[in-house]
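Undergrad: Read top to bottom, the protein sequences are chains A and B.
Per this note's numbering, the first sequence starts with residue 1, numbered consecutively.
Per this note's numbering, the second sequence starts with residue 1, numbered consecutively.
These aren't lab readings, by the way, just hints derived from the structure by calculation.
Think of the CB as a built atom: it goes at the ideal place given N, C-alpha and C, for glycine as much as any other residue.
Warning: the hint list may mix true and false statements.
[To be verified] If you only want the chain A side, here are some residues facing chain B, beta carbon under 7 Å, derived:
no. : residue
1   : Glu220
2   : Arg296
3   : Gln301
[As the list claims (entries may be wrong)] Far from chain A, some chain B residues (derived; all Cβ distances over 10 Å):
no. : residue
4   : Pro47
5   : His49
6   : Arg79
7   : Met170
8   : Gly214
9   : Leu245
10  : Gly258
11  : Tyr356
12  : Ala381
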Amino acid sequence: MSTALGVLARFGAMIGLLLVNGVVLIYMLRKVLGRLHLRIGPNRVGPWGILQTINDVIKLLTKEDLRPDSADAWLFNIAPFLIFVPSFMAYIPLVFGPTLAVTSLDTGLLLAFALTSLVPLGVLMAGWSSNSKWSLLGGMRAAGLQIAYEVPLLLSALGPVMMAGSLDPVKIVAAQSGVWLGFIPRWFVLPQLIAFVVYAISSQAETQQTPFDMSEAESELITGFANEYGGMRFSFMYLAEFSNMFVVSAIGTMLFFGGWQLPWLATPAWLAPLVFMAKTYTGIFVMMWARGSLPRFRVDQMLSFCWKVLIPVSLAWVVLWACIQRLWPVVSVAVSR
Amino acid sequence: MTDEEHMGWQITSEGTQRPGPLPRGLRRIPRGVDELATEHLVLNMGPQHPSTHGVLHVLVELDGEEVIAAEASLGYLHRGIEKLAESRRYHQVPTLLDRADYLSGLHTETAWALTVEKLAGIEVPRKASWLRSLLMELNRYASHLVWIGTFGLDAGAMAPFLYIMRDREMILDVLEAITGSRMMFNYVRPGGVVADIPAGIDAKIREWLSHASGWLDENDALLGGNEIFRLRMNGTGVIDRTTALAFGMTGGCLRASGVDYDLRRDVPYCAYPELEFEVPTGQRGDNWDRYVVRVGEMRQCLRLIRQLLDGMPEGEFSSKRSRALKVPAGESYAAVESPRGELGIHLVSDGGLTPYRMRLRSPAYFNLAVVDEALAGGLIADAIVTLGSLDIVLGEIDR
Numbered sequence: 001m002s003t004a005l006g007v008l009a010r011f012g013a014m015i016g017l018l019l020v021n022g023v024v025l026i027y028m029l030r031k032v033l034g035r036l037h038l039r040i041g042p043n044r045v046g047p048w049g050i051l052q053t054i055n056d057v058i059k060l061l062t063k064e065d066l067r068p069d070s071a072d073a074w075l076f077n078i079a080p081f082l083i084f085v086p087s088f089m090a091y092i093p094l095v096f097g098p099t100l101a102v103t104s105l106d107t108g109l110l111l112a113f114a115l116t117s118l119v120p121l122g123v124l125m126a127g128w129s130s131n132s133k134w135s136l137l138g139g140m141r142a143a144g145l146q147i148a149y150e151v152p153l154l155l156s157a158l159g160p161v162m163m164a165g166s167l168d169p170v171k172i173v174a175a176q177s178g179v180w181l182g183f184i185p186r187w188f189v190l191p192q193l194i195a196f197v198v199y200a201i202s203s204q205a206e207t208q209q210t211p212f213d214m215s216e217a218e219s220e221l222i223t224g225f226a227n228e229y230g231g232m233r234f235s236f237m238y239l240a241e242f243s244n245m246f247v248v249s250a251i252g253t254m255l256f257f258g259g260w261q262l263p264w265l266a267t268p269a270w271l272a273p274l275v276f277m278a279k280t281y282t283g284i285f286v287m288m289w290a291r292g293s294l295p296r297f298r299v300d301q302m303l304s305f306c307w308k309v310l311i312p313v314s315l316a317w318v319v320l321w322a323c324i325q326r327l328w329p330v331v332s333v334a335v336s337r
Numbered sequence: 001m002t003d004e005e006h007m008g009w010q011i012t013s014e015g016t017q018r019p020g021p022l023p024r025g026l027r028r029i030p031r032g033v034d035e036l037a038t039e040h041l042v043l044n045m046g047p048q049h050p051s052t053h054g055v056l057h058v059l060v061e062l063d064g065e066e067v068i069a070a071e072a073s074l075g076y077l078h079r080g081i082e083k084l085a086e087s088r089r090y091h092q093v094p095t096l097l098d099r100a101d102y103l104s105g106l107h108t109e110t111a112w113a114l115t116v117e118k119l120a121g122i123e124v125p126r127k128a129s130w131l132r133s134l135l136m137e138l139n140r141y142a143s144h145l146v147w148i149g150t151f152g153l154d155a156g157a158m159a160p161f162l163y164i165m166r167d168r169e170m171i172l173d174v175l176e177a178i179t180g181s182r183m184m185f186n187y188v189r190p191g192g193v194v195a196d197i198p199a200g201i202d203a204k205i206r207e208w209l210s211h212a213s214g215w216l217d218e219n220d221a222l223l224g225g226n227e228i229f230r231l232r233m234n235g236t237g238v239i240d241r242t243t244a245l246a247f248g249m250t251g252g253c254l255r256a257s258g259v260d261y262d263l264r265r266d267v268p269y270c271a272y273p274e275l276e277f278e279v280p281t282g283q284r285g286d287n288w289d290r291y292v293v294r295v296g297e298m299r300q301c302l303r304l305i306r307q308l309l310d311g312m313p314e315g316e317f318s319s320k321r322s323r324a325l326k327v328p329a330g331e332s333y334a335a336v337e338s339p340r341g342e343l344g345i346h347l348v349s350d351g352g353l354t355p356y357r358m359r360l361r362s363p364a365y366f367n368l369a370v371v372d373e374a375l376a377g378g379l380i381a382d383a384i385v386t387l388g389s390l391d392i393v394l395g396e397i398d399r
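Chain B on its own, in the form it takes in the complex:
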């Protein structure tokens, strides 16, 4: 064996190859130092993998089943939404934003509308604010449902994923009746919303509400009430308060780590100042806490939807405005509490018909960044569950 072979070439399970530089955080076990030393296995989890929730690629270094280091590799779903927005008029941008976080498009749309309204100084009718809140809460519930289902799948339980579809279909039907689309709504515009809620929808939402609580209890009993599930969740994937804050995590993930921060209450927008709700928090920041926090949030969601239906004001659903909206030159930032956390949009305008620059603060992007810390030390099975507990949506992360 020559020196060069010894230094560079390595015999791996794929045959003999010259290893390139390993990604940051992964270290190579030197060969020839101790022939009995076991080798670590670098596993490419994704971009095609059933549990990376889309096209995420996670590099995992394993010692047997134990995860030594992990790194997320992003960008497989990049569509250049932020760049595309620079050539769209202000009312056209929500079409793009729906495709960022495809599980809760209404939150991104609303964040956009709030940002534009802030910079352009547009007044929003009270009813429009309430409608936005109502739809966002419905959307949040639908998004959390998908999370519960896929989280169950990650943990190996098939049933919850199909059970949640009962609620989700009803919610999507309602959203379709209001906005005209199941997921790509294009409903919230600067100045208000596109249309009033049609007649009979109130009754339809109330009918769903009459089932929702019971169905949520059923799903919670299937997962949270299961001893195996609890064993899997307790104490795994711990993200402490300091780490969560250091990584800029927001939303349920941050609250599970014990930071009581919810934009709906702390930086209120839309109808939230007038509504009553609690913000569930956890303590340890493990997978169990994240599960409990999200289920708690869903119960609060139902409470909010009831209040929004009962107190829905009369009036205009949109302020009169021109399609060729010109926003005065300047900058503004507004954020909403999306199901994943603080979803903010930073807008720079040069006074033209299209934004000069639009930047999306994707909560899932920041929440995902913690995988390097959170996955190391656990087993593969823990890594999958922890990744699932972060509730990532790749459409929003890669944009």
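If we strip away everything but chain A, and leave its shape as in the complex, we get:
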């Protein structure tokens, strides 16, 4: 009984977090982009425009659920959920505090990556079933790019995993407590700087943000795979995009920036979720910053960058780091003798 209640409560908390996140992130995106672009951003609905997103959500909810006549009805209807559900499920392994996570899994990180890798399937499905040339092109681009960029994304996560010796996010975060040499926080970003750069680039691509937003590519494909969607179905896709941003940023925080832990200080349990959110939102801000200022890559350039630069670099780094980690005890013992 209590287990069932606990599961329900956690599930409810996940949904709550997801929705609040969506609302906050959309507002944040518009404000951040506004400021970057010498504009003001939303400022009419509520104080500082904070209720703008609520307004938009209501608008989207009350819109007619349109489907093109020639669309493949079943695939068209199910695609938004195939995009939305995995990005929602990817919240499961996130660790918000020492005892605050939906569940602790030995393979939590793997689960998160496995779930986010389902998203391109939904995108492809949406693009194909819409029976629109623009959507089709967008869907094909998404399929090609997101699948390609999952490889360096996963490889770049291996460095921190090797350092922590576990795929369990709780253990990865715990392994980053304390300091090196008395003053450097034990965050994996320092030794794993190369892996972090690869992670940052591929997560930007994985979440389809500019400069890697070819599957939407407003100036080329209008909105790509989401072209024929409107109302709630569109908002599910939109929400999934922001949810994905949150997930990759949260995983990045756990892998490279010590998760919920403050540097140097012991983190009280009540502060841990706030620290985690602050770090994650900083990551999201940087993603938005890039989105606001960079032009878009071309498809072939982006693919060749992935296969010829990111994957070799991250693979080499994995091998190199494995050697370093394996040889370090031997070397240090030899040196101390």
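Starting from the known structure of chain A, fit chain B onto it as the hints suggest.
TA: Positioned in the frame of chain A, the structure of chain B alone reads:
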């Protein structure tokens, strides 16, 4: 499957349809010859599309992402400006011409004034010429700003489009103070201009000038200084010298292909013979060259505006003339270097109160004609950028 079905009907992504004759330049892949052959996709880019800069319709035949053939289809913004001009008096025509190239109305107005003055033999006071040049350069700068911004949008960069609005608003404020309107000026008339510049405008333009160079550097750094942008621009949308000349291209597009031709220097008019400026040119004629040439032109623009402010002569801003201007029967042609190229007006008069025939040589029309050549072989993303680099204004093309 009967023969007729086999020959005529085709199953496409829109369902079964009988295809009509394809537009020129597009070829149909024969069905049934090789069932494994992939089909090409014919994409209607526009007339409602965010990157066709208005209501342009480009038919693009795609093999995957690669553009096999492209053809521009025009006329969605046709308002019959040339025909309407035949029932307007000479001083009324600029109202129509403002609406041709709505990003640089003063150039079209001036071209009209020069043509009429040439045929009617009207002398223009020196100050009027200088005022025309000053306003045209301000207008050119504003037009190029919009181009930089929309070009950034085409390449996926949002920021420059909003950054350029800082300058543009200041320029439009100045133009409004002088002419009374932000875009539909109706300021240049045969014989001179409508009004002198009001007091205090000189200081206002100088204040903008003090920011303009820095702001241009900022925009240039955001786009031209960006590695992604350079990767996108280098070597794409190449229009070589021969092609550019064969298609009658003019303006920045032609200069980017390595032809050093600028009407302001080669067929001088207004105050340009007295001014010092350089004409930036490119070599390869790719998108990067067109970008560099236009940014270079903007820097020259600032230089020209400074000279025009410093040397602005005193005197009358218009020669005395009757509203019921009668132009002697005959023909004349005069052209100005608009932001898009050689903007010429050919006027035929039968000696009456209204033109017998007016014809606008729209530079963007000729520049756009090259899309068939320039888009083929690139990817969709290149096609969008190349189209943007031509700096088309549909109001002028469709007239």
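Undergrad: Does each hint hold? Answer for all of them.
TA: The hints, checked one at a time:
1. Because the smallest distance between the Cβ of Glu220 (chain A) and any Cβ of chain B comes to about 5 Å, under 7 Å, the interface hint for this residue holds.
2. Checking Arg296 (chain A) against chain B: minimum C-beta separation of about 3 Å stays under 7 Å; hint holds.
3. A distance limit of 7 Å between C-beta atoms decides the matter here; for Gln301 (chain A) the minimum to chain B is near 6 Å, and the interface restraint holds.
4. Under the 10 Å C-beta cut-off, the non-interface status given to Pro47 (chain B) relative to chain A holds; the minimum distance is some 13 Å.
5. Non-interface status of His49 (chain B) relative to chain A is broken: a Cβ of that chain comes within 10 Å, the nearest being about 7 Å off.
6. Distance to chain A confirms Arg79 (chain B) as a non-interface residue, since its nearest Cβ pair spans about 27 Å, more than 10 Å.
7. At roughly 13 Å, the least C-beta separation between Met170 (chain B) and chain A is larger than 10 Å, which holds for a residue marked as non-interface.
8. Annotated as non-interface, Gly214 (chain B) keeps its C-beta farther than 10 Å from every C-beta of chain A; the closest such distance is 14 Å.
9. Distance check for Leu245 (chain B) against chain A: the nearest CB is about 29 Å away, which clears 10 Å, and the non-interface claim stands.
10. No beta-carbon of chain A is positioned within 10 Å of the beta-carbon of Gly258 (chain B); the least distance is around 25 Å.
11. The beta carbon of Tyr356 (chain B) is kept farther than 10 Å from every beta carbon of chain A, the shortest such distance being approximately 44 Å.
12. Listed as a non-interface residue, Ala381 (chain B) fails to keep its Cβ farther than 10 Å from every Cβ of chain A; the least gap is roughly 5 Å.
Comparing the model with each earlier hint shows violations of hints 5, 12; every other hint is respected.
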